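Participant: Sequence:
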Amino acid sequence: MDVEMTFLNGNLEEEVYMKQPKGFSSSSGEHLVCKLKKSIYGLKQASYQWYLKFHDVISSFGFMENIMDQCIYQKVNGSKICFLILDVDGIVLATNDKGLLHEVK
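According to the numbering used here, the residues represented by the sequence shown are 1 to 105, in order.
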């Protein structure tokens, strides 16, 4: 399962500034900067911020983070089990119950 606009979904915890994009200029010719409110592609913090947001959301649905690998989550409901593997901007789901798979999607 592919997650669209992955790195644009993270919230920044610190102040980050960047040069203004080409085409933006001040009337006085000064070189100005932009303060980012959200993550953008190419930002060093983007993948970590995405992970933090993903972790908060998936944990709220009852998934537990694997103690050996922070990109693997599991949810157990009786005899039903679902594994969720996070890989950059994609998610792999594996389960022993088709109904649980559709519920998670």
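Fair warning: there could be bad hints in the mix.
What follows is a set of in silico ranges between Cβ atoms, one per label pair, in the way DEER data are often shown [unchecked claim]:
(1) Leu-32 - Asn-77: 51 to 61 Å
(2) Gly-99 - His-31: 55 to 65 Å
(3) Ser-25 - Gln-74: 21 to 31 Å
Calculated from the structure, these hints are not laboratory results. Every value quoted in this text rests on a predicted model; they were computed, and no experiment measured them. Beta carbons are placed, not taken as given, at the ideal position from N, Cα and C, and that holds for glycine.
Participant: Now, for every hint given, state plainly whether the structure supports it.
Facilitator: Now for the hints, and whether the structure bears them out:
| no. | hint | result |
| --- | --- | --- |
| 1 | Leu-32 - Asn-77: 51 to 61 Å | 53 Å, holds |
| 2 | Gly-99 - His-31: 55 to 65 Å | 57 Å, holds |
| 3 | Ser-25 - Gln-74: 21 to 31 Å | 52 Å, violated |
When the structure is compared with the earlier hints, a violation turns up for hint 3 alone.
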